[in-house]
Structures are given as C-alpha cells and as structure tokens.
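Keeping the supplied structure of chain S fixed, place chain H upon it in accordance with the hints.
Chains as they are written, first to last, in our numbering: chain S, 2 to 184; chain H, 178 to 388.
It is possible that part of the hints are untrue.
[Said to hold, decoys possible] Here are the computed lysine-lysine pairs in the DSSO-like style, where the Cα-Cα straight-line distance is at most 27 angstroms:
#, chain 1, residue 1, chain 2, residue 2
1, S, K55, H, K379
2, S, K107, S, K95
3, S, K53, H, K188
4, H, K292, S, K55
5, H, K235, H, K308
6, S, K115, S, K53
7, H, K308, S, K152
8, H, K212, S, K112
9, H, K292, S, K12
10, H, K292, S, K144
[To be verified] Across the chosen pairs, the derived CB separations fall in these ranges:
#, chain 1, residue 1, chain 2, residue 2, range
11, H, P204, S, K53, 23 to 33 angstroms
12, S, W98, H, Y344, 30 to 40 angstroms
13, S, T11, H, Y370, 30 to 40 angstroms
14, H, D216, S, K115, 14 to 24 angstroms
15, S, K53, H, E243, 48 to 58 angstroms
In short, the hints are calculated from the structure, not lab data.
Note that the structure is predicted; figures quoted are calculated from it, not measured.
By construction, the Cβ of each residue, glycine as well, lies at the ideal position given by its N, Cα and C atoms.
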Amino acid sequence: MNIILLKHGTKYSAADVNSQALSLQKYTNEKIYCFTEDPTEVIIDCIEIPRKPKLAKWWNKMNLFRDDFPLSGECVLFDLDIEIQENPFVYIEKTDWNYPTFIRRKSKIKKYFKEHSYDTELNSSILAWTSHHDTYIWDIFAKNIDYHTRKYKGIDRFFWHEKIEWRQFDYGISHTIDLPEDT
Amino acid sequence: MEYLTPLIYRKILNTISYIYYHSARDPDWDLFRFKDVLDSFNEAQFTNKTWAVEELNKFITDEYEECYIIGGWHGLFSHILAESGFNKRIINIELDPVCNIIAKQLKIHENIRFKDDDGIDLFPKFNHGNKIVVCTACEHIDNEELEFIIRQKEPGMLMCLQSNNYYEVTSHINCKDTLEDFVESLPLKQILYAGERRNKNKYDRFMVIGK
Chain S
2 MNIILLKHGT
12 KYSAADVNSQ
22 ALSLQKYTNE
32 KIYCFTEDPT
42 EVIIDCIEIP
52 RKPKLAKWWN
62 KMNLFRDDFP
72 LSGECVLFDL
82 DIEIQENPFV
92 YIEKTDWNYP
102 TFIRRKSKIK
112 KYFKEHSYDT
122 ELNSSILAWT
132 SHHDTYIWDI
142 FAKNIDYHTR
152 KYKGIDRFFW
162 HEKIEWRQFD
172 YGISHTIDLP
182 EDT
Chain H
178 MEYLTPLIYR
188 KILNTISYIY
198 YHSARDPDWD
208 LFRFKDVLDS
218 FNEAQFTNKT
228 WAVEELNKFI
238 TDEYEECYII
248 GGWHGLFSHI
258 LAESGFNKRI
268 INIELDPVCN
278 IIAKQLKIHE
288 NIRFKDDDGI
298 DLFPKFNHGN
308 KIVVCTACEH
318 IDNEELEFII
328 RQKEPGMLMC
338 LQSNNYYEVT
348 SHINCKDTLE
358 DFVESLPLKQ
368 ILYAGERRNK
378 NKYDRFMVIG
388 K
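Okay, chain S solo, but in the shape it has when bound (with noise of 0.2 angstroms):
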C-alpha cells in the first residue's frame, strides 16, 4: 500500500506534511509520499504533481486517477488538515479496492439538499483506490475541466454528482481522526 500526503500552493507547508508523516508511523509501516509541485523542505520521498493541465488547490486530488499517476497498487491519501487520533488503517484494510472509498459524513446524511444544490455525503480527506484502475474518473473529469471546476467546489461533490462508483469506509473511522466540519 502507498500513503500519499498532497501538498499544493502554500496553505500547507512541508511541516504539515513531515509531521503528518510523523502522525500516520505511529500506525503503519508502509510507505508514505508526498505528491507536490514543491518538494522544498519535505523530509519523506515526493511525487511531483504534472504540470499539465494546471489545476488549483484540492483539485489535484484528481491526478490520482490519470493512467500516468506514478504509482501503481493499492493508495490511501490523507490530508493534511485531519488530525490522526487512533488507527485508521483497522478501517482502511477492510476496503473493497475495486472502488474509490471515501468517509460518508453522517452529519450530512439527514440534511436537506437538492440535487442542484450539488452538495454531498462523501468526504476525501481519507480517500483509498487503486491506482490505475479508475482512469475513467479522470477521463470524466478532463472531459471540460473548467466546467467542472465551476459547477463543483470541490471533488466531493464531483465524486457524488458524477457518474462514478464509489464505496464508503465503515462508519467507525471518523472516530479515529479530527475531521474538519466543513471539507
């Protein structure tokens, strides 16, 4: 498995990345990388970001599922902004890896919505898939960009409203992290 922290621009620096590292050893021996355009400072090996199409803040969430990604196998990529309480990977090691798995927000479950509100239950900030496997999300997604990146504030909402199958980690483990309200 390969453990991949995204760092782009500079809301987070390569502090947040080292001691993210830091947090998830605790829990794991696998390796972890760090996916970035920037690899100044970051003290775990880094993956860089393609350049080509340029793509702001979370949205390179997305290069994870080009067919040139770096990695092959099994990934799981957490955020920098979630604070690792207990050990996610009790959780993470029961995923189906035929599909892209995200939390699914309780919280969000019994909210109204509309459709075209394009809100969603899904939350990225631990997100597990296989690498190379879903290259049709990306395929969707590069199909009008712009679009995308207008219509949607983030890839949750994308992951939700498109036509993507996804599955949800068991329930229990946004007991193992602090996880931001509002992601």
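Structure of chain H alone, referenced to chain S:
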C-alpha cells in the same frame, strides 16, 4: 420602454427556458447551466466587458478584419463589441460545446460566430497581423500556454487581455497579484493600455491591450 424590454434580458429569459427544456431531456444539460448563464451576464461581467470594448475600440482601425475571442463563454464580449459598431466577423472560440449552444440563443448580431475548440490550440490558424485577439479570462488559462501564443503572434495583431487576483475561485489557475505582475507575464512588444478596476471590493481585474 427600455426599462421593460431590454432585448438582452428577454434573450436571457428565453435561454433559461431553453436550458430548462434541455435539462429535462438531455444528461449533458444540468441545472448548474442556469447559474453559469446568470454568472456570465452579471453586473461585473457587463462592466468588465464594456470596459474592454471601450478601451479596445480606441485602437481598432480599418486594417483589422476579424476579432477572435479565446474562451468566449456565452459570448457577452462579442455582443458588446458588435453593439458598439464593430461590423466585421467576431469569432468566439469556446471548449465547452454547451456554452456555444447557449451563446447562439443569446445572439443578436449576424457577424458573430461560435466555434467549439481550444482557442490556444487554434491560435496558429488565426495568427495574422490583421486580427484582433481577445481573452477576458486569462485567469482560466495556463500562463505558459498564454505566453507561448503571445511569443508566436504576428507583430500587427492587436491583443486585449484581462486577468484578476481572485484566487478564491478554484477554476482560476492563473491569477496575478498586481497589474504590474500581469503586464510582466505577457511578452507583448508594445503595451498600448494597462489598467485595473476593483470589483465588489473583493478583487482587482487587470486589463492590457497591446501588440
């Protein structure tokens, strides 16, 4: 009667009805298209496109035979340019074919055309000194690609380019902090106009006209 019947607003209302019809029948048409149309004709869009047309018109001479718009969205710039008296061909190039279908619904002037394509890829085909090229959405275009076409352009070509420092919008991949940064990023040989305007007290829009 102008208050009751401005043609553009009647066109927009008809277009909204058109989108509703298609959204009920065709999966390529979703309800966000309503918002997209409203955003593309909001007050800031009118102000910024009108500003571009007013300044650009000061440099348009008879030698210019066509105007190409890279990333035409729903064609607002072309409507305002045609309305200002430019009666030669105006070609909107837009990647999203649904945007062009919508734009055609809003068309009034016969000299306006719409093409489904990538304006950057198509640039060599209209790279002539007697063309005007406009892009009021440089914040959506990769800076390297923009720089590349400007370096390739024929000397007489008149260019009008806008960008902004509105980083919060995640479809904006090429914002600039200041007008000076924007000017510096454009390898134009001659700057004819450079200016900026504050929008909704939230961000600045920059415009450069040059050759």
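Hints versus structure:
no., hint, in the structure
1, S/K55 to H/K379, "24 angstroms, holds"
2, S/K107 to S/K95, "19 angstroms, holds"
3, S/K53 to H/K188, "37 angstroms, violated"
4, H/K292 to S/K55, "23 angstroms, holds"
5, H/K235 to H/K308, "15 angstroms, holds"
6, S/K115 to S/K53, "34 angstroms, violated"
7, H/K308 to S/K152, "33 angstroms, violated"
8, H/K212 to S/K112, "23 angstroms, holds"
9, H/K292 to S/K12, "38 angstroms, violated"
10, H/K292 to S/K144, "17 angstroms, holds"
11, H/P204 to S/K53: 23 to 33 angstroms, "28 angstroms, holds"
12, S/W98 to H/Y344: 30 to 40 angstroms, "36 angstroms, holds"
13, S/T11 to H/Y370: 30 to 40 angstroms, "32 angstroms, holds"
14, H/D216 to S/K115: 14 to 24 angstroms, "19 angstroms, holds"
15, S/K53 to H/E243: 48 to 58 angstroms, "29 angstroms, violated"
Of the numbered hints listed earlier, those contradicted by the structure are 3, 6, 7, 9 and 15.
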